[in-house]
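Asker: Next come the chains, spelled out residue by residue.
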Amino acid sequence: AQKITQTQPGMFVQEKEAVTLDCTYDTSDQSYGLFWYKQPSSGEMIFLIYQGSYDEQNATEGRYSLNFQKARKSANLVISASQLGDSAMYFCAMREANTGNQFYFGTGTSLTVIP
Amino acid sequence: GAVVSQHPSWVICKSGTSVKIECRSLDFQATTMFWYRQFPKQSLMLMATSNEGSKATYEQGVEKDKFLINHASLTLSTLTVTSAHPEDSSFYICSARVRTGPPYEQYFGPGTRLTVT
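Chains as they are written, first to last, in the working numbering: chain A, -6 to 108; chain Z, 4 to 120.
These aren't lab readings, by the way, just hints derived from the structure by calculation.
As the structure is a prediction and not an experimental result, all values here were calculated from the model.
Backbone N, C-alpha and C define an ideal beta-carbon position, used for all residues, glycine too.
There could be a bad hint or two in this list.
Said to hold, decoys possible - Pairwise CB distance ranges, derived in the manner of DEER restraints:
no.: 1; chain 1: Z; residue 1: E62; chain 2: A; residue 2: G3; range: 45 to 53 Å
no.: 2; chain 1: A; residue 1: S34; chain 2: Z; residue 2: V6; range: 42 to 50 Å
no.: 3; chain 1: Z; residue 1: Q63; chain 2: A; residue 2: K63; range: 47 to 55 Å
no.: 4; chain 1: Z; residue 1: I15; chain 2: A; residue 2: G78; range: 44 to 52 Å
no.: 5; chain 1: A; residue 1: G78; chain 2: Z; residue 2: T34; range: 28 to 36 Å
no.: 6; chain 1: A; residue 1: K63; chain 2: Z; residue 2: P89; range: 24 to 32 Å
Unchecked claim - In silico lysine to any residue, SDA-like type, Cα no more than 20 Å apart, as pairs:
no.: 7; chain 1: Z; residue 1: K44; chain 2: A; residue 2: K9
no.: 8; chain 1: A; residue 1: K(-4); chain 2: Z; residue 2: L77
no.: 9; chain 1: A; residue 1: K(-4); chain 2: Z; residue 2: Q63
no.: 10; chain 1: Z; residue 1: K44; chain 2: A; residue 2: D79
no.: 11; chain 1: Z; residue 1: K44; chain 2: A; residue 2: P2
no.: 12; chain 1: A; residue 1: K63; chain 2: A; residue 2: D79
no.: 13; chain 1: A; residue 1: K9; chain 2: A; residue 2: P33
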């Protein structure tokens, strides 16, 4: 079974609008971490935001927020006030405490911001 | 934030030759470094995990004799693609884990694009 599922291969959003990128995960661990990374065309993986499984509040970092719904095992990324520079691939990832080193990535969502 | 560098950023080599890629953590010590491979429009696939001073742990299906990993210090890991073939052409990304404290963030290098002709 897929550990991380991103069901949106491609998304479009109008500049200055908000967009939600979906991510669901599968784990039986109680302790795990969820991450979002941005990968522009240059290839570099840029860390955006982190949510721990025990964190009660949704993580926020500037224009990025993570909508964490533990019971549904979803960790959607919300980007507010989209900018042209937000156009990139976005990857959701998870690391389980039990597996330590293994970092599971989703298949990614390609976001295009339209002016 | 923590910075991870990779060198070279891109390399073209002939089939049968070997290529070494360096990964350095510039402003932190990394007990663990990871090597990923990414094909166009696909996700990152973990190839191996290396801990400083010990042998790398390879993921299933990754040939350890072909992809040699050395983690000689807390700031440097190298990946050598031996006897490269065109099917080894890919984007290789390293990642380093910050040494102290949870959530043990991983920071990624900018990647190395390898083309084997």
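Asker: Among the hints numbered above, which are violated by the structure, and what are their numbers in rising order?
Answerer: 1, 2, 3, 4, 6, 7, 8 and 12
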